[in-house]
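The listed protein sequences derive, respectively, from chains U and X.
Residue numbers for the first sequence, in our numbering: 1118 to 1328.
Residue numbers for the second sequence, in our numbering: 1118 to 1328.
Derived from the structure by calculation, the hints contain no laboratory data.
A few of these clues could be false.
Because identical chains cannot be distinguished in the list, a pair is counted as satisfied if it fits within a single copy or across any two copies.
List of simulated lysine to any residue pairs, SDA-like, C-alpha gap at most 25 Å [claimed, not checked]:
#, residue 1, residue 2
1, K1240, K1289
2, K1214, V1269
3, K1125, D1169
4, K1168, A1249
5, K1289, N1215
6, K1263, R1131
7, K1240, P1267
8, K1146, V1286
9, K1168, T1195
10, K1193, K1237
11, K1289, V1269
12, K1240, E1178
13, K1237, K1263
14, K1263, E1194
What you are looking at is a predicted structure, and each value in this text was computed from that prediction instead of being measured.
2 protein chains.
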Amino acid sequence: MASRSKDKRQKIIRAATKVFARHGFYHSKVSEIAREAEVADGTIYLYFKNKDDLLISIFEESMDQFLTLTRNEIEKETDPLAKLRRFVRLHMTMMEKNPRLAEVIQVELRQSSKFLKEYKNVKFLEYLQVVAEVIAEGQRQGVIHKEVSPAVFKRMLFGALDELALQWVLSKRRYSLADVAGQVTDIFLQGIEVTPSSRGVALASEVPPQA
Amino acid sequence: MASRSKDKRQKIIRAATKVFARHGFYHSKVSEIAREAEVADGTIYLYFKNKDDLLISIFEESMDQFLTLTRNEIEKETDPLAKLRRFVRLHMTMMEKNPRLAEVIQVELRQSSKFLKEYKNVKFLEYLQVVAEVIAEGQRQGVIHKEVSPAVFKRMLFGALDELALQWVLSKRRYSLADVAGQVTDIFLQGIEVTPSSRGVALASEVPPQA
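Work out the full structure: start from the sequences and follow the hints.
What follows is the structure, given as structure tokens:
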């Protein structure tokens, strides 16, 4: 796609995110998105098939960005557990910094049955796969329990983050999601790691040697 | 409500669960639910305001049953960690035994913005509160870490179970949810408990006494 055309597409996506967050997906009109994006109504249909396509594109774009950012951030760590900690913090921070996007992803998107049932969400699956790979890496290194299924764990972690982000959106963002992230990571890391965590180490030292 | 009237209400709720699971909420017609329940169309409106009210009632009824069952089951245990294990297993088993209900709760209900935004879900909050209370109990007994926030944990746990149940429904129930439950509990219990679990104990014994 030529750069100018790509810019226009981005502009429409940003406008749609605003409008969906403001009125909800079902009550939003394509004409309103066009007005917000400062393009003609017809222009939108040059880039997107319909309103559903726009909603899904918002998600795809953001997943693409999440994925790039996450991969870059995670590479900075060598320890798989530290990688998971970064993943969780980054996910929550991205939601916190983009409240309109969070509203659309958490509230509007889950209302689309088209999205839930018909759409093969490649980027999202790749995003979850990042978690599964970190788990497998930790298992090879002997720092994560072998019994942990990477496929189950990635869903557990995402489910927990998704529910917490949804509550945060529905509560009108009354608290810090980044603060919650630390709590989530502490529980999940202690839950999967082989060597006791700092919390665990203190405890292990209390176990009599004969235990 | 008189018993006969209560029976009829139940019959309509069961019929609506079937119809919603078969065609999806949006494509279901009240007339079809009436046919399935073997009542006149008008009868439905004696018990429910509209289709949304029916959807929410399905959820309320099932949460009410989940809550009663869960409380009974949990009382059989004295150890808070064993209580959590029961909670998770029961939640997954209830989904597994009621695939139509699981479809409606996991797929249809999340599409209702009325449900998500306007509805105060008393029974569901009580259900989550069972988890929070078990955590607080474990903290008083010194078996669960004091840093774990019961409010965050109940959402984490529910989010993980909900995501796993959703994937199970979308995968056309290709695997056993009860099997997944064990995996989920292992991770969460090790994640919050003060004394190392059986897995943790074995590991603790590997820690040199000077650690």
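Going down the list of hints, with the structure as the test:
| no. | hint | in the structure |
| --- | --- | --- |
| 1 | K1240 with K1289 | between (28 Å within a copy, 22 Å between copies) |
| 2 | K1214 with V1269 | between (28 Å within a copy, 21 Å between copies) |
| 3 | K1125 with D1169 | within (18 Å within a copy, 39 Å between copies) |
| 4 | K1168 with A1249 | neither (33 Å within a copy, 40 Å between copies) |
| 5 | K1289 with N1215 | within (13 Å within a copy, 34 Å between copies) |
| 6 | K1263 with R1131 | neither (43 Å within a copy, 43 Å between copies) |
| 7 | K1240 with P1267 | within (18 Å within a copy, 33 Å between copies) |
| 8 | K1146 with V1286 | within (23 Å within a copy, 32 Å between copies) |
| 9 | K1168 with T1195 | neither (42 Å within a copy, 53 Å between copies) |
| 10 | K1193 with K1237 | neither (30 Å within a copy, 43 Å between copies) |
| 11 | K1289 with V1269 | between (30 Å within a copy, 17 Å between copies) |
| 12 | K1240 with E1178 | within (9 Å within a copy, 37 Å between copies) |
| 13 | K1237 with K1263 | neither (30 Å within a copy, 42 Å between copies) |
| 14 | K1263 with E1194 | within (21 Å within a copy, 29 Å between copies) |
Checked against the numbered hints above, the structure violates hints 4, 6, 9, 10, 13; every other hint is satisfied.
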